[in-house]
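Starting from the structure of chain A, add chain B where the hints point.
Below, each chain spelled out in residue letters.
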Amino acid sequence: MINENKVILMTRMASYEQKEGKRCMSIAKYFRTDYVARHVLKGIIAGTIAFAVCFALYVAYGFEEFMENIYKMDLFAFASNVLVIYIAFVAAYCIILYLVSTYQFIKARRSLRCYYQNLKKLKALYEEK
Amino acid sequence: MTGLLELRDQIRKFYSRNAVFILPFIKFVVALLVLGQINAELGYMAKIDNIAVLLIVSLACSFLPSGCILFFTIVFSLLHMYALSMEVALVGFCVCLVMLLLYLRFAPKDAVVIALLPALFMLKIPYVVPVVVGLVGGAMSAVSVVCGTVLYFFIHSVNVNASAIMAMEKDSLGKIKLILDGIIHNQALLVTVVAFAVTTLVVYLIKRLSVDYSWTVAMVSGAILNLVILLVGDIIYDTNLSVVSMILGAFLAVAIGKLVEFFRFCVDYGRTEKVQFEDDEYYYYVKAVPKMTVSKSSKTVKKINPQRSVVTERTGRQSEIERKKTGRTVTVGNEYYDEEEDGATDSSEDDFEDLF
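Those protein sequence lines, which keep their order, are chains A and B.
Counting in the working numbering, the first sequence runs from 132 upward without gaps.
Counting in the working numbering, the second sequence runs from -18 upward without gaps.
Treat the hints as calculated values from the structure; they're not laboratory data.
Note that the Cβ used here is the ideal one computed from N, Cα and C, for glycine as well.
Hints are not guaranteed to be accurate.
[What the hints assert, rightly or not] Derived pair list, reagent style DSS-like, types lysine-lysine, alpha-carbon separation capped at 30 angstroms:
(1) A:252 - B:268
(2) A:173 - B:-6
(3) A:252 - A:238
(4) B:105 - B:151
(5) A:203 - B:151
(6) A:150 - B:105
(7) A:153 - B:-6
(8) B:158 - A:238
(9) A:160 - A:150
(10) A:137 - A:254
(11) A:137 - B:272
(12) A:252 - A:173
(13) A:150 - B:-6
[To be verified] Just the calculated beta-carbon pair ranges, DEER-fashion:
(14) A:217 - B:36: 43 to 49 angstroms
(15) B:41 - A:198: 44 to 50 angstroms
(16) B:193 - A:212: 52 to 58 angstroms
(17) B:10 - A:237: 34 to 40 angstroms
(18) B:7 - A:149: 18 to 24 angstroms
(19) B:250 - A:251: 33 to 39 angstroms
(20) B:7 - A:144: 25 to 31 angstroms
[To be verified] Which stretches of chain B does chain A cover? Using the computed rule of at least three CB atoms under 8 angstroms from a CB of chain A, they are:
(21) 79 to 85
(22) 153 to 161
Chain A with its partners taken away, still in its complex shape (with noise of 0.2 angstroms):
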């Protein structure tokens, strides 16, 4: 005989598994740290690419002009002001990264609790068989 709460309970959890179980697993096996300090790590680099190519159009817009103030201008000044903004830059979005993926550390934590919690349902119905 077909147990009808079991079947819906292990499609649902089939379901889950192939969909957002397979990405909420992948979080889990992180500690939330280390989760976090991976994500914020990636983002330095992909902030500091992302900058530099900023940057690089930023010259390239002004380069006429660039050219004309560079025996002008104060380089060490600049190239502080620069860094400045780097840093601003780079830290805006390590700070926003580290806000997003705590968020999504716990709730792929919660999302799991309850998946874990179907788990033991589902070992209830085969011992109660």
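Here is chain B on its own, set in the frame of chain A:
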């Protein structure tokens, strides 16, 4: 309303049965629409501005993950820009790279929104997107809407300045400056980005509120807010956006929003229940809003010849199975049964429906 709900259930059933075919078909249509619009807007490279190439790539998109639509959109745009000028393609590549690095790797699901927005801008119906994305997406989806808007204005800027770029010939820096000016000093881009981002966030926040008709309130207020920001922006910065298009877009946004609501959040606020209870640790104030559903019409067996009831009982299971297979009138041995529709639920039929 009952008819509509039945239709919705039928559409859902049809989709769930044929999702294997419907989903690739939708992807195919979206890819065809987006790439076709890119070709129509730019169209500088004759080799890819070709219906055969378009069909092949769209067909490939139908079997590949949905993010590939954005990938091919960017590839098509960059190839057209390259045919116009290498410098323009380089700037385009940089803009796409920054988008990819800073945002897209977190939300690959939103790639379709970014790809779809330029096409909808070209079709003059972009105002639908922030409302619909706010309803079905999350708060971060506002960034996708911003990325899609920037991508469109970049493509548009290339198209508008194409003749000037061609005239510049070897002035590489001039070309880069001209293209970047089209983004940096574009007031219409600024106003649209602000309007769309704010609208998406407001729609998302309102729809999450625990108030009656939150989805309807969200979409109507979002459409109005979008309209107001765009109009105010137009007055302040003289952006030359079409007012008629904006108003029609707002109506269309609400209409499509209602359609989305009907399929995703169809509830009956008239039967809302508010209950209050407590346990050792908490007091609970629960508001339960029932979903609108229609009870499935089912078939019952009407016995015409009661003298042969023994046979009926013995062959009950068989008759149920045959009824399922053959339809309205079934035969069990020499017995004839007529079926009639009524509103009552036949539990045995439900069981067998699961089996088949």
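Structure-based check of each hint:
1. A:252 - B:268: Given pair residue 252 (chain A), residue 268 (chain B) holds - Cα atoms ~27 angstroms apart, limit 30 angstroms.
2. A:173 - B:-6: 43 angstroms, violated
3. A:252 - A:238: Distance of about 21 angstroms is within 30 angstroms: holds.
4. B:105 - B:151: 35 angstroms, violated
5. A:203 - B:151: 28 angstroms, holds
6. A:150 - B:105: Not satisfied, since the Cα-Cα distance of roughly 35 angstroms exceeds 30 angstroms.
7. A:153 - B:-6: Given pair residue 153 (chain A), residue -6 (chain B) holds - Cα atoms ~26 angstroms apart, limit 30 angstroms.
8. B:158 - A:238: Roughly 45 angstroms separates the two Cα atoms, so the pair is violated.
9. A:160 - A:150: 17 angstroms, holds
10. A:137 - A:254: Within the cut-off at roughly 10 angstroms; holds.
11. A:137 - B:272: 25 angstroms, holds
12. A:252 - A:173: Given pair residue 252 (chain A), residue 173 (chain A) is violated - Cα atoms ~39 angstroms apart, limit 30 angstroms.
13. A:150 - B:-6: 20 angstroms, holds
14. A:217 - B:36: 43 to 49 angstroms: Since the Cβ atoms of residue 217 (chain A) and residue 36 (chain B) sit about 46 angstroms apart, the hinted range of 43 to 49 angstroms holds.
15. B:41 - A:198: 44 to 50 angstroms: This hint holds: roughly 45 angstroms between Cβ atoms.
16. B:193 - A:212: 52 to 58 angstroms: 53 angstroms, holds
17. B:10 - A:237: 34 to 40 angstroms: 37 angstroms, holds
18. B:7 - A:149: 18 to 24 angstroms: At 20 angstroms between Cβs, range holds.
19. B:250 - A:251: 33 to 39 angstroms: Holds: the Cβ-Cβ distance is about 36 angstroms, inside 33 to 39 angstroms.
20. B:7 - A:144: 25 to 31 angstroms: With a Cβ separation near 28 angstroms, residue 7 (chain B) and residue 144 (chain A) satisfy 25 to 31 angstroms, so the hint holds.
21. 79 to 85: holds (count 3)
22. 153 to 161: holds (count 4)
Checked against the numbered hints above, the structure breaks hints 2, 4, 6, 8, 12 and satisfies the rest.
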